[in-house]
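J.: Sequence:
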Amino acid sequence: MGIASSEKSLLIVLVRDVDGKTFWDALDDAISPRIEAPTPVDESALSTFRSIFQGRPLKKGTFIFLTWLDPSKMLICISSDGMQATVDATIESTNVTFALFDVFFSDAPVSPSLKASVANGLATILK
Numbered sequence: 001m002g003i004a005s006s007e008k009s010l011l012i013v014l015v016r017d018v019d020g021k022t023f024w025d026a027l028d029d030a031i032s033p034r035i036e037a038p039t040p041v042d043e044s045a046l047s048t049f050r051s052i053f054q055g056r057p058l059k060k061g062t063f064i065f066l067t068w069l070d071p072s073k074m075l076i077c078i079s080s081d082g083m084q085a086t087v088d089a090t091i092e093s094t095n096v097t098f099a100l101f102d103v104f105f106s107d108a109p110v111s112p113s114l115k116a117s118v119a120n121g122l123a124t125i126l127k
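Using UniProt numbering, you'd call the opening residue of the sequence shown number 1 and step up by one each time.
Watch out, some of these pointers could steer you wrong.
What the hints assert, rightly or not - Straight-line C-alpha distance at most 20 Å; calculated EDC-like pairs for lysine to aspartate or glutamate:
| hint | residue 1 | residue 2 |
| --- | --- | --- |
| 1 | 60 | 81 |
| 2 | 59 | 25 |
| 3 | 73 | 102 |
| 4 | 73 | 7 |
| 5 | 59 | 19 |
| 6 | 73 | 88 |
| 7 | 8 | 88 |
What the hints assert, rightly or not - Label pairs and their calculated CB-CB ranges:
| hint | residue 1 | residue 2 | range |
| --- | --- | --- | --- |
| 8 | 30 | 61 | 32 to 40 Å |
| 9 | 37 | 81 | 36 to 44 Å |
| 10 | 51 | 17 | 14 to 22 Å |
| 11 | 50 | 11 | 31 to 39 Å |
| 12 | 39 | 80 | 31 to 39 Å |
Simulated from the structure, these hints should not be mistaken for lab results.
By construction, the Cβ of each residue, glycine as well, lies at the ideal position given by its N, Cα and C atoms.
Could you put together the complete structure from these sequences and hints?
T.: Structure, rendered in C-alpha cells:
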C-alpha cells in the first residue's frame with residue numbers, strides 16, 4: 001500500500017509504563033525489516049527517530065502523535081497530557097516513513113484491529 005499525498009495522522013496511547021528504549025526497540029524491530037537497503041538518509045532518519053525515545057520514560061497514558069505530511073516527511077509529537085503541543089522530531093525519509101506506515105496499515109499490520117478500526121471510521125465519515 002502506498003501513501004497518498006494527503007496528510008495522515010496516527011495517535012498511539014500507551015496503556016502501560018514503558019521505557020523509551022523498549023518502545024523504540026519494538027518499533028525498530030518492525031520498521032527495519034521493511035527497509036531493504038537503507039541509504040544514509042534512512043540511517044539518519046532512524047537515528048533521529050531513535051534519539052527521541054532513548055532514555056525517555058513513557059508513562060501510561062502518554063500520547064504519541066505520528067503525522068505524515070507527505071510520503072517523505074513525518075512529524076512525531078510525544079505528550080503526557082494529550083495535547084499535541086510541540087514537534088519532538090521531523091523524519092525526512094521516504095523509506096522510513098513508508099516503513100512505519102506499512103507497520104500499521106499494510107496487508108499484515110502489527111495491529112489488525114487498528115487497521116479495521118481506521119477502515120470503519122473512514123467508512124462512517126465518507127457516508
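J.: Confirm or reject each hint.
T.: Each hint, compared with the structure:
no.	hint	in the structure
1	60 x 81	holds, 11 Å
2	59 x 25	holds, 17 Å
3	73 x 102	holds, 15 Å
4	73 x 7	holds, 10 Å
5	59 x 19	holds, 8 Å
6	73 x 88	holds, 14 Å
7	8 x 88	holds, 17 Å
8	30 x 61: 32 to 40 Å	violated, 22 Å
9	37 x 81: 36 to 44 Å	holds, 40 Å
10	51 x 17: 14 to 22 Å	holds, 21 Å
11	50 x 11: 31 to 39 Å	violated, 21 Å
12	39 x 80: 31 to 39 Å	holds, 34 Å
Taken one by one, the earlier hints fail for this structure at numbers 8, 11, listed in ascending order.
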